[in-house]
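Based on the hints, put chains B and E in the right spot on chain H.
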Amino acid sequence: MEIISAEVLPSEVVPAEGLLGASWLLIALPLAGAAVLLLGGRRTDRWGHLLGTATVVGAFLLAVLCTFSLADVEGRSVDVDLFTFISTGQLDVRAGLLYDPLSAVFVLLITGVGSLIHVYSIGYMAHDPARRRFFAYLNLFVAAMLLLVLGNSFVALYVGWEGVGLASYLLIAFWYTRPGAATAAKKAFIMNRVGDVGLALAIFVMFAQLGTTSYEGVFGTVGTLAGGTITAIGLLLLLGACGKSGQFPLQAWLPDAMEGPTPVSALIHAATMVTAGVYLIARSAPIYDETPTARTVVLAVGAVTLLIGAIAGCAFDDIKKVLAYSTVSQIGYMFLAVGLGPAGYVAGLAHLLAHGFFKAGLFLGAGSVMHAMDDSVDMRRYGGLARKLPITFATFGLGYLALIGFPFLSGFYTKDAIIEAALDRDDAWGWVLAGVAVLGAGLTAFYMTRLMLMTFFGRARWADGVHPHESPTVMTAPMVVLSLGSIGAGFLLVKAFPLSDWLEPVFGEEHSAEHVVAPLTVGLVVTGVMLLGVLAAWLFVGRREVPVTAPVRVSPVTRAARNALYADTINESLLMRPGQWLTRALVWVDNRGVDGAVNGLAAGLGGSSSRLGRTQTGFVRTYALGMLGGAVLVAGALLAVTSG
Amino acid sequence: MNEVVIGTGETVAFWVLGPVALAGALGMVFSRNAVHSALWLVTTMLSLGVFYVIQEAPFLGAVQIIVYTGAIMILFLFVLMMIGRDSSDSVVETLRGQRVAATVLGLGFAGLVGAGIARATEDLVGVGLADAQPEGNIPAIAESLFTDYLLAFEVTSALLITAALGAMVLAHIEREPGTRRTQKELSRARFLTERPQTLPGPGVYARANSVAAPALLPDGRTSPDSQATGIEPQVADQMPRPTGREQLGSPDGALGTLDPAPLDGPAGGDRS
Amino acid sequence: MTLTYYLVLAAILFTIGAVGVLVRRNAIVVFMCIELMLNSVNLTLVTFARATGTVDGQIMAFFVMVVAAAEVVVGLAIIMSIYRTRRSASVDDANLLKY
Chain H
1 MEIISAEVLP SEVVPAEGLL GASWLLIALP LAGAAVLLLG GRRTDRWGHL LGTATVVGAF
61 LLAVLCTFSL ADVEGRSVDV DLFTFISTGQ LDVRAGLLYD PLSAVFVLLI TGVGSLIHVY
121 SIGYMAHDPA RRRFFAYLNL FVAAMLLLVL GNSFVALYVG WEGVGLASYL LIAFWYTRPG
181 AATAAKKAFI MNRVGDVGLA LAIFVMFAQL GTTSYEGVFG TVGTLAGGTI TAIGLLLLLG
241 ACGKSGQFPL QAWLPDAMEG PTPVSALIHA ATMVTAGVYL IARSAPIYDE TPTARTVVLA
301 VGAVTLLIGA IAGCAFDDIK KVLAYSTVSQ IGYMFLAVGL GPAGYVAGLA HLLAHGFFKA
361 GLFLGAGSVM HAMDDSVDMR RYGGLARKLP ITFATFGLGY LALIGFPFLS GFYTKDAIIE
421 AALDRDDAWG WVLAGVAVLG AGLTAFYMTR LMLMTFFGRA RWADGVHPHE SPTVMTAPMV
481 VLSLGSIGAG FLLVKAFPLS DWLEPVFGEE HSAEHVVAPL TVGLVVTGVM LLGVLAAWLF
541 VGRREVPVTA PVRVSPVTRA ARNALYADTI NESLLMRPGQ WLTRALVWVD NRGVDGAVNG
601 LAAGLGGSSS RLGRTQTGFV RTYALGMLGG AVLVAGALLA VTSG
Chain B
1 MNEVVIGTGE TVAFWVLGPV ALAGALGMVF SRNAVHSALW LVTTMLSLGV FYVIQEAPFL
61 GAVQIIVYTG AIMILFLFVL MMIGRDSSDS VVETLRGQRV AATVLGLGFA GLVGAGIARA
121 TEDLVGVGLA DAQPEGNIPA IAESLFTDYL LAFEVTSALL ITAALGAMVL AHIEREPGTR
181 RTQKELSRAR FLTERPQTLP GPGVYARANS VAAPALLPDG RTSPDSQATG IEPQVADQMP
241 RPTGREQLGS PDGALGTLDP APLDGPAGGD RS
Chain E
1 MTLTYYLVLA AILFTIGAVG VLVRRNAIVV FMCIELMLNS VNLTLVTFAR ATGTVDGQIM
61 AFFVMVVAAA EVVVGLAIIM SIYRTRRSAS VDDANLLKY
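Protein chains in written order, with UniProt numbering: chain H, 1 to 644; chain B, 1 to 272; chain E, 1 to 99.
Derived from the structure by calculation, the hints contain no laboratory data.
Just so you know, these numbers come straight off a predicted model, no measurement behind them.
No residue lacks a Cβ here, since even glycine has one placed at the ideal position from N, Cα and C.
Please note that the accuracy of each hint is not assured.
[Unchecked claim] Simulated coverage check for chain B against chain E, where a stretch passes if three residues somewhere in it have a Cβ under 8 Å from a Cβ of chain E: (1) 8-20; (2) 71-80; (3) 139-150; (4) 186-192.
Chain H with its partners taken away, still in its complex shape:
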């Protein structure tokens, strides 16, 4: 029951034609790859990784072509109607794809970075006996992620949302024989469920209140709802986004998810899946436009997460965990951006794309380092790797510079754009948010410099028997490509081919050209803070000898940071323990109450029967006594009746 007229849509949606009509192939290709690899079993072991890579590369090429075709379409938005997914009563969900600039950007990111990581995985997983399965899961993930960003309704998004959750679970637990991996996968899955419940509830509310779940339907009529309902939808969507993107208060699963293979960390837990929350909020922009309250909450979540991630990142010695907290922190930037409203959407998405490049590159670099160091992740056992791993060092270093916002690299442009957008609010909160962002930038510079110093510089602190060697070309090549992206993405997206122009059909035109604070000033301040962070890192880490084991006597701040600001402790004490208590209480009630009633009844019946059975003594005289008693009763009763 589509009750929406096309006039109220932000942009005209036209049916897909030609090449865009075949955009369902984008999803079908990796899905088919996953199916073949999973169903084919060992027969596909020999060429499975090649097929898996080919499907994603094919999808990427198709995505490029589709995007070019989309540029020619009036309104830059097409609808690909596939089939009726659910048709029951009032709920009529058409399975269809929406190919618009926003999804096109994501499709390019997913298939592009995905392709590179697939290629990288060929080398990284070369010695793993289960490589075929790995590629099957990766393909499954790509398919689900593409469905997530391409679906034209919240239900389709939800299917993809759960699909990526499944793929994430499978890939984190890829080495499922390791207890840590299995636990981390469960943690990720369960914490994602919390968010998914929010998303599902949001969809339920939409259907209950609006009768539709398609984007055009919901966005066209969301303004007719009461303010409280819109806020509820917004907050529930935000809960879903927080779960998937590892945002406060559901951030604890993301660092643990690094138990998975490094390409997984790069693709899923850095570049694509964890940005699904940003996508969801950006896609739901028309909803958030109606509810400033929810938007403020988004801002707060982003700002808090930004700081938590940055602080925690300073304390860990596990290279992947540092990068993971960096990811948490950077996604906090993106949430902050999209929480700013129309001014921030483009900045946030630009940062998302740039981050996808340089963080994937950093993870791949970390994977390369681990590859060289016999899968050790302890940075205290690294050191002096710059000369042993020149290509890795170069690409990693470029990613590092991009991340900390070194002038004229990606992060510089995109992060500054976010801070400018925050300042453009032109109120006290804008200054606070900008301050947080700047502080985050300084922290980022600190922990990333610390990581660089501990890994690539200083004295070699390698464990015995470790002989670092550069990774094969199949691994370094994607890293090189990504590092090129790290260099250029920001400039391309913000200056050369502004993303804002491309996304204009989705978010409308950029509002003010006038900035409250001149971009030059912002750039200088941010760069200054960044340099301070680098300097601090050099003072604390670079100048001194790095102990091989982490110091035990540390300040409370460090201890808190090492414990990731006690997120796990808080989760455990606030949720897990009460949950356990509740479960135990329920078990107790079940055992004692429900079972107790049933068992007690049975035991009571059994006991009373056996006690009654005791009266069956076998002594005939006892029975005769009973008969005489009965006769007395009958006689008495007769007498009573007749005389009564």
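Here is chains B and E on its own, set in the frame of chain H:
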């Protein structure tokens, strides 16, 4: 319709025989010895037979005396003699509360039924059988039995046959032909037991030749083997027993009828 | 004196028989007590025959005697066979049929 008149003779007979019947019933219940019980029951049954005759049922009275008191009670005694006496003759109650409960319930039952009957038949006036049996009791019963109750009578014959057959089946011990053991086999079997010889008699130290007195072993203990089944053994402690030389000097010891002096020979009584 | 006296006497005899069944352990004595109960009923029947002026009560008493005779025959045979297997005529010893 004639009213039955209960004359003085009947009243006297009732007040004489009624207590006799009651005494017989109580004596049957309270006798330890089953044979005594049977004899007490015979007393009651005879009394009842006389009551039947008094109550214009001479045929039933005769049947009562001949069949019941004669045949059935003899059957009881016969079986009693066959199985002998055993622990079941003990009057010690083994079921807790049985006796009390039985007494209470019995009194209650008797009270209820007696009161009920007394109240229900307070105004009962006997019609008398003079009109029902003008030619005497036996023709009247015969007429009724062979007309109205013919079927029941015939069925009774089937019941009796069945009972006779059943008794035979139950009491009969099936032996395969040829399994009857010869004297030689029985003897051999006896010598394989622990006691091939006969049970000991009262023995040289016995102070009485009653079968109720167990034989004494040389050390003064009683020999359980010598106790006859079906007879309540005399408790050895109740018997005077030589316990020491000093008793010989006492007047009781000199009396010696029940206290044979072991040193002087088997029959201490000879010395008195 | 009325016929009621006979009936009350019969009730008392019946009760004594019933109590005897309850308190005696020798199966044969128990049987005798049952016979006493039957006899007391017979007395009742004869008395009512006299009271109602028909011989039907006597016929009933006659049948009771026949049935009692049959019952005694079979019952004593049962006691005999139990005694053969269990060497006891006590009704308490035959208590295998229980919980």
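Check each numbered hint from earlier against the structure, then list the numbers of those it violates in ascending order. Result: hint 4 breaks, nothing else.
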